[in-house]
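*Asks:* Residues per chain, in single letters:
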Amino acid sequence: MNGLPAPALGYVELLPLIILFAMACVQVLVEAFAPRRVRFNLQLALGILTILAALAAAIANLVRLAPALSAYNQGTATQQGSSLNPGIKVAVGSIAVDGPGLMFTILLLVLGLFAVLVIGERKLGNGVSAFTAQAAATPGSPAEREAIAARNEHTEIFPLFTFALLGMVVFATSNDLLTLFVGLEIMSLPLYLMAGMARRRRLQSQEASLKYFLLGAMSSAIFLYGIALLYGYSGSLTLGGIADAIDANHGYQGGLHDGLLLAGMGLIAVGLLFKVSAVPFHSWTPDVYQGSPTAVTGFMAACTKVAGFAGMLRVFYVALGAQSWNWQPLLAVIAVLTMAVGAILAVTQTDVKRMLAYSAIAHAGFVLTAVTGAAQPENGMVRAGQLSSVSAIVFYLLAYGIGTLGAFAVVTMVRDDNGEVTDLAGWRGLARKSPIVASVFAIFLLSFAGIPLTGGFIGKWSVFVAAWQGGYAWLVVVAVLMSLIAAFFYLRVIVVMFFTEPDSDTRVVMPSWLTLTTVAVGCLATVILGILPGPVLNLVALAPSFIR
Amino acid sequence: MSPENYLILSAILFSIGIFGVMVRRNALVAFMSIELMLNASNLALVTFSNMHAGNSGFVLDGQIFAFFVMVVAAAEVVVGLAIIVSIFRTRRSASVDDASLLKF
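If you read the sequences in order, they're chains A and B.
At the far end of the first sequence sits residue 548, using this note's numbering, and the numbering has no gaps.
At the far end of the second sequence sits residue 1104, using this note's numbering, and the numbering has no gaps.
Because the hints were derived from the structure by calculation, they are not lab data.
By construction, the Cβ of each residue, glycine as well, lies at the ideal position given by its N, Cα and C atoms.
Some hints here could point you the wrong way.
Said to hold, decoys possible - Computed beta-carbon distance windows for the label pairs:
1. G140(A) <-> S1002(B): 33 to 39 Å
2. A8(A) <-> Q1063(B): 21 to 27 Å
3. G140(A) <-> K1103(B): 37 to 43 Å
4. K1103(B) <-> T517(A): 32 to 38 Å
Unchecked claim - If the Cβ cut is set under 7 Å, some of the chain A residues that face chain B in the computed set are:
5. P7
6. A8
7. L178
8. E185
9. Q204
10. E207
11. L210
12. A217
13. M218
14. L224
15. A228
16. G232
17. N379
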């Protein structure tokens, strides 16, 4: 018997991924076979159930791993520098099921759940979804008018959404470069399409899609060349194998090929920084965020950023951790640029979605400070009772992601006869028309600005402490200054909403329970994370570092 | 022939690709340049795999990776051409300069 041995996969640990993948395929079949009448509600229900099932599986995995994690954490208090992190590698070493991997999975699924609720909203569009009646029809053509009159809807958005979420979870948990690349593409390709599917302002939407696609595809190609160079240096595609090669300091043929390592590191960084929209790879962000359907923008802003940072942390901390003196100064410069460009250009914006896009860029910069600090138990930088960089980033992304989803959901509710009003002039005096909606939006903005008693404050505090522990005190000082500039433009929007006279026919439309849930949960979570962050902080502290 | 030559060729192809994306105005040509970058990566992966295998070894990591990249590239073509065609039908132009509604 000399057949190939069957690889051990670890189905239980892979269950969240398997559920997402299988259900995404089922959703494609539903698209083909279900009658048009029931399709939308069926797809929405399937989308929600899929995420709930995957979430249950991921939480079960975390519960199973929790005793080992807390034992490890108590052990590090006495024995610094231990590298035996709890967790296992499944699917022949290509997927890492460890503490941070599960945290990021759960975070992505929770944010995805609220994103799909906003995508499923139909009441705001008078009974049709916010997505184009027929994407293939040219804007303004008779075919398009016919499709609109027939009240057609593209329910393909749901399978695309589930595939994108699958790609994000794969990207966040991958343990080798091949899986990382495949995850990146599974996440990106559906997003390129979703960006181009707006029902109104279709020219803008198509343009956003084109820009996102061309720049995204280029960044993936650069990322891929970086992978090839790192493979050339180390002879291994697994992150642990690359780390071993760096430790042994051998290149191929036993020589030193630091050039390959440095070039590969730089090119991979380009791909990862593009996904989290860090300056100078940010130029797509405002255009794509503004042009895409708002529900999709919320999903991109929250979930793509989580997945991007998860992948970035894993590559830099696991594979390139021993080279941190090479990439830390680089990331520090990028963090400063990102915070500065995001905060300063946001001041000049007159469009709400565009302003939130620049705000997303600035937030990427704040998270990058913690990435740069690299305060991790394995390098002994974490002081007792403080969060590691990874834990701090998980908390920050939770507070930021839930607030972002809520903020974009509020944007979908502020409308006039032509659909959503995104021009800031149309938001003048919004508090007179709907005090509750204006107050909720103000809470989100205050959280983004990092005002105390909101989740954003605790998040900023934790990432800054992580950067400080890592020895980047100057970066923290710069970041605090940039937070002040950023606070200015958030407050400007609040002033526009509360202290100006309304002078347009903008109104706040009452959405269905779907959008309301996202807004309400986002608002509650923002406040609770600010006032009682203890339980969540304890939870993220469970997973301080990756397995190697 | 020394395998380094393949790496140099791959670097040249990659540079041509990235240069093409930056300077060409037609979305289709820019897209073709991106495909060139992917293929340059394939060449590098396969060459490195061959070099790591040495004389006696049996390493196929790079070759397998190249197949994955081809599949991904095919999927990317599907998505990319769909987007470019829909833009072309709307504007009667595939130039990336004409798509300029969104700017500050």
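*Asks:* Look at each hint and say if it fits the structure.
*Replies:* Outcome of the hint check:
no. : hint                             : verdict
1   : G140(A) <-> S1002(B): 33 to 39 Å : violated (59 Å)
2   : A8(A) <-> Q1063(B): 21 to 27 Å   : holds (24 Å)
3   : G140(A) <-> K1103(B): 37 to 43 Å : violated (22 Å)
4   : K1103(B) <-> T517(A): 32 to 38 Å : holds (35 Å)
5   : P7                               : violated (14 Å)
6   : A8                               : violated (19 Å)
7   : L178                             : holds (6 Å)
8   : E185                             : holds (5 Å)
9   : Q204                             : holds (5 Å)
10  : E207                             : holds (4 Å)
11  : L210                             : holds (5 Å)
12  : A217                             : holds (5 Å)
13  : M218                             : holds (5 Å)
14  : L224                             : holds (4 Å)
15  : A228                             : holds (4 Å)
16  : G232                             : holds (4 Å)
17  : N379                             : violated (29 Å)
Of the hints listed earlier, those the structure fails to meet are numbers 1, 3, 5, 6, 17, in rising order.
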